[in-house]
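Colleague: With chain A held as given, fit chain B onto it using these hints.
Number of protein chains: 2
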Amino acid sequence: MKKFLGIDIGGGSIKATLTDREGQILEESKLQTNPNWENHEFLENLVSLISSFLSHSISGIGIGSPGPIDIERGIIHYSANLVNLKDVHLVSYLQERFSLPVFLNNDANCAALGEYYFGAGQGVENLLVFTLGTGLGAGWVWKGELFNGYMGNGMELGHTTVVMDGALCGCGKRGCAESYFSARGLLNRYEEKSGVHLDSAYSFFELVRKKEPLAVSILEFGVRVFAECIRNVVHTINPEKIILLGGLTASYDLFEEKLKTRLQEIIFSVLYTRLKIELGGKVAGSLGAASLAF
Amino acid sequence: MKKFLGIDIGGGSIKATLTDREGQILEESKLQTNPNWENHEFLENLVSLISSFLSHSISGIGIGSPGPIDIERGIIHYSANLVNLKDVHLVSYLQERFSLPVFLNNDANCAALGEYYFGAGQGVENLLVFTLGTGLGAGWVWKGELFNGYMGNGMELGHTTVVMDGALCGCGKRGCAESYFSARGLLNRYEEKSGVHLDSAYSFFELVRKKEPLAVSILEFGVRVFAECIRNVVHTINPEKIILLGGLTASYDLFEEKLKTRLQEIIFSVLYTRLKIELGGKVAGSLGAASLAF
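Sequence lines, in order, name chains A and B.
When you line the first sequence up against my numbering, it's residues 545 to 838, in that order.
When you line the second sequence up against my numbering, it's residues 545 to 838, in that order.
To be clear, the hints were calculated from the coordinates, so they are not data collected in a lab.
Glycine included, C-beta positions come from ideal geometry on N, C-alpha and C.
Treat the hints with care, as some may be off.
Stated by the list, open to error - Footprint (simulated), chain B over chain A, 3 or more residues, beta carbon under 8 Å:
(1) 569-577
(2) 760-772
(3) 775-789
Claimed, not checked - Residues on chain A that point at chain B, a partial pick, calculated with CB under 10 Å:
(4) N670
(5) A682
(6) G693
(7) G710
(8) K717
(9) R718
(10) G719
(11) Y796
(12) E800
Chain A on its own, in the form it takes in the complex (with noise of 0.2 Å):
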């Protein structure tokens, strides 16, 4: 039996699965980050994380890490929430230490993986993931493998343009998808319109619960263009099943008919007939990020 281990870089913590083909988890760690390491400091913590498997053999490491990262170079150029790194040499570093293949893709595209191995994309030949949180990330597994582009340039489909002119996205543009159907997108529409700043996705979605206007007339709004942002997505690489992940997805009760009842308007009916939209999750992030390294 083969093993490989996972890494999941997350917000708080470095977590690391060890597991085999089969998803089946073998071995758990876990180490908590401190915001303000520096390369070398973030290095050795992962080195000794990684050490502390190495009485299996372990076939190889796959990590995955929120962006911005070059997947070919594998190197991660900095981190939102481990403010000091710059230019991580992540992959030659490790491959070095440990004499192993290692690995490195952002946490969309292994979140993409881990739902087709092991969790609601299985067996799916044309597999399209979203990622719901802070931003609107998304991740594609065509005939088995992820695609990373040209360059190894994921997708970006939280930056395509819904309302051309429309509000200003974090990326500097405007009317991306992103500024209306994420985190940050329903925060910023609801206070520009309100003066209110919320301080969560989840307060948020609880006016709406209460049925407050504004807040449902913005969800309303952002579901309208998250559903054109699946329609273009669908008309260009026609997926088979697309996956939600994130955050937001704890509120689908609050969307999910809306969204379906548009998409249903706006794409051709040939290509939504057979379209499965589904909510998964149940994968690790690290579970996706070995699957980097079958």
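Modeller: Quick look at chain B alone, frame taken from chain A:
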């Protein structure tokens, strides 16, 4: 030397080209179509056209046709030019008749493949081709293979939404890129604002050349929409090169600069810097169709 027969089903004629893998034209033939042909007349004429090449040893036949077609089952559902055709089971019929492998695909896909093998897209790993004609079509060649998507449905980039709730498109939905940037889109937008029905894209671009303010502003808006459509596909599948084909490219001098300036503003710079955009069109459609059989 293996020989392949490529067939391009065009507006008023069907063109057949015998070629080799290098795109050398070995023999050509053309047939005028009758717009009233029924299925059996269409097939008989096609058979006699193909038969005229049978003195050669042919390894395969590739056929390009406007949609809607079923690529996997090899069916032309119907045709805007041959109005009496209905569900022509082209591939199975010709395969049985000639005992040869036969492939059918839509004309935009064949054009993309033609550019990849013999035109401006030679050797490009991730190549996207737009056909700017009556409508707005596209074909994608990824790692040497035409992307047909799930169940053989190709790209519908013309029907991706850029202006949510915008102008009514021929597809019945609103805000599609095609409804602003295609011959039909530009003429419809012009008629909507002026009440004047222009007979061709050529007339429209002549007005732009004369700096007629309405035509100029409609083209400018159309180019901005097309730029966002390109942004979306670049942020989705990350092509290395985009080739523009079709009637509208005859007026490329009127919009190239504005298009490129806008693209530079809105596409992530890491992706824009290495993106090449250029005109193609030197490869015959029948040659692209032949390459389906390679």
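Colleague: Find the hints from earlier in the document that the structure breaks and name them by number, from lowest to highest.
Modeller: 1, 11, 12
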